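J.: Sequence:
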Amino acid sequence: MKKLKQTGVRMKESLFKNFRSATLNFIFIILFVNVFQTVFGMENSIVGVIFTIMMSASMVRDLTAAPVKHLCIQTAVLFLMTCAACLVVNAPPLLALPVNFAMLFLILYAFTYEYTSHLYFPYILSYLFLVFISPVTPGQLPKRLLGVFAGAVSISW
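Just so it is clear: in the sequence shown, position 1 is -19 by the numbering used here, and no numbers are missing.
One thing to keep in mind: the hints can contain errors.
Under the rule of at most 20 Å between Cα atoms (straight-line distance), these lysine to any residue pairs were calculated in the SDA-like manner [to be verified]:
| no. | residue 1 | residue 2 |
| --- | --- | --- |
| 1 | 49 | 100 |
| 2 | 123 | 133 |
| 3 | 123 | 29 |
| 4 | 123 | 15 |
| 5 | 123 | 112 |
| 6 | 123 | 108 |
I should point out that these hints are in silico values taken from the structure, not numbers from a laboratory.
Quick caveat: nothing in here was measured; it's all calculated off a predicted structure.
Given the sequences, and given the hints that come with them, work out the whole structure.
T.: Given below as structure tokens:
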């Protein structure tokens, strides 16, 4: 009987901690996306959403050992994703198809590790968001690239 009460107390404490953590995460996501949208414009609000997804996914890796290296790699991959998404949306289908396949292959190659094989998923999801939910014209690309760089800094920080 005593063990049952202790288990019930631990379950309540665990539930409270999970609820508090989820609530704080939700508040952070809302604030981050709103600030991102205010700084980089409404057309880049989906980029803020993408980076909240990537921030939570990148917590499985330790990025503190070589922060500059991770920032450079993260920035390069995200710039390629952003430029490829812009090209795919604005190019004829025969050119867009190989660019799409090449980008998906690069994401899978760069983010499939032996121990964390699921890390590629947020990047593919983000690429699809850039292509289908919030495409940009070549004229809007510089502002999006600036937003992507700010997001890469926030992931690597």
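J.: Against the structure, test the hints numbered earlier, and report the numbers of the ones violated in rising order.
T.: none
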